[in-house]
Amino acid sequence: GENVEQHPSTLSVQEGDSAVIKCTYSDSASNYFPWYKQELGKRPQLIIDIRSNVGEKKDQRIAVTLNKTAKHFSLHITETQPEDSAVYFCAASRGSGTYKYIFGTGTRLKVLA
Amino acid sequence: NAGVTQTPKFQVLKTGQSMTLQCAQDMNHEYMSWYRQDPGMGLRLIHYSVGAGITDQGEVPNGYNVSRSTTEDFPLRLLSAAPSQTSVYFCASSYSRDTSYEQYFGPGTRLTVT
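The listed protein sequences derive, respectively, from chains H and Y. Each residue of the first sequence is one higher than the one before, starting from 1 at the first, in our numbering. Each residue of the second sequence is one higher than the one before, starting from 1 at the first, in our numbering.
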């Protein structure tokens, strides 16, 4: 069945360093790839997303890259800050029409001051 | 706009009891979904709907029923609660547009089945 694998499950970085989280999806028909941030006890919130017709997208300190051939996509956070500490989830979807999100299992990011 | 609302926030059930988790959105979104979140397992899709009167199963539908009689509401029914259904449940809604299908999540319902 459809599957999204996410690595690593935990990641600790020093404040100011970069963090990279990677996901692999199985459904070749997926065309929409969002990333969500979830703080402790709160709801997931979208931080960045990318469509399959784009290879990279950037928003200030965060960026997402997509390799559709390899079915990989990654989240890059530069100049990390303590408030970046949270759980991050990737997801894959076929988007409009069938509409079905499959989420990865999450990465707990700790930014050490 | 209230966004996506869920009730109750917390619930304790005994094994075998039934209950309905409520979800409503006021953004006129066509798509709505229910997820459960368990430690180390991310968000798993239970059921989803692409519009009023249309529902479909997700990854883990067993033990749950849904209906979508209006655009705004998407209740989740637990037919006979089991301890394995102890989890945090999130409802989400979204619409499709050219570049994004962003999902908006509700605050969640923490359910414990004893």
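Because the hints were derived from the structure by calculation, they are not lab data. All residues carry an ideal CB built from backbone N, CA and C; glycine is no exception. Don't take every hint at face value.
[Said to hold, decoys possible] Cross-link-like lysine-lysine pairs, in silico, BS3-like; alpha carbons within 25 Å at most:
{"#": "1", "chain 1": "H", "residue 1": "Lys57", "chain 2": "H", "residue 2": "Lys37"}
{"#": "2", "chain 1": "H", "residue 1": "Lys37", "chain 2": "Y", "residue 2": "Lys9"}
{"#": "3", "chain 1": "H", "residue 1": "Lys68", "chain 2": "H", "residue 2": "Lys42"}
{"#": "4", "chain 1": "H", "residue 1": "Lys71", "chain 2": "H", "residue 2": "Lys42"}
{"#": "5", "chain 1": "Y", "residue 1": "Lys9", "chain 2": "H", "residue 2": "Lys22"}
{"#": "6", "chain 1": "H", "residue 1": "Lys68", "chain 2": "H", "residue 2": "Lys57"}
[Said to hold, decoys possible] If you want a taste of the chain Y side facing chain H, the calculated C-beta under 10 Å gives, among others:
{"#": "7", "residue": "Phe10"}
{"#": "8", "residue": "Gln37"}
{"#": "9", "residue": "Arg44"}
{"#": "10", "residue": "Glu59"}
{"#": "11", "residue": "Glu102"}
{"#": "12", "residue": "Phe105"}
Does H:Lys42 lie within 25 Å of H:Lys68 when you go C-alpha to C-alpha?
Cα-Cα ~31 Å, so violated.
Cut-off 10 Å, beta-carbon criterion: hint that Y:Glu59 touches chain H:
holds (7 Å)
Within a Cα-Cα threshold of 25 Å, do H:Lys68 and H:Lys57 meet the stated pairing?
holds (14 Å)
Was the hint right that Y:Arg44 lines chain H, CB cutoff 10 Å?
Hint holds; Y:Arg44 Cβ to chain H Cβ min 7 Å, cut 10 Å.
When the nearest CB of chain H is found for Y:Phe10, is that gap smaller than 10 Å?
It is violated, given that the least Cβ distance between Y:Phe10 and chain H is near 12 Å, above 10 Å.
Within a Cα-Cα threshold of 25 Å, do H:Lys57 and H:Lys37 meet the stated pairing?
holds (17 Å)
Using Cβ atoms only, decide whether Y:Phe105 comes closer than 10 Å to chain H, and label the hint accordingly.
holds (4 Å)
Does H:Lys22 lie within 25 Å of Y:Lys9 when you go C-alpha to C-alpha?
The given pair, whose Cα atoms are some 32 Å apart, is violated under the 25 Å limit.
Hinted pair H:Lys37 and Y:Lys9, Cα distance within 25 Å:
With a Cα-Cα distance of about 21 Å, the restraint between H:Lys37 and Y:Lys9 holds, given a limit of 25 Å.
Interface hint compliance - Y:Glu102 to chain H, C-beta minimum distance less than 10 Å:
holds (5 Å)
Would you check the hint for H:Lys71 and H:Lys42, treating anything up to 25 Å between C-alpha atoms as holding?
violated (30 Å)
Are Y:Gln37 and chain H close enough, Cβ to Cβ, to be under 10 Å, as the hint says?
OK, holds: Y:Gln37 within 10 Å of chain H, min 9 Å.
In summary, the structure is inconsistent with hints 3, 4, 5, 7 from the numbered list given earlier, while agreeing with the others.
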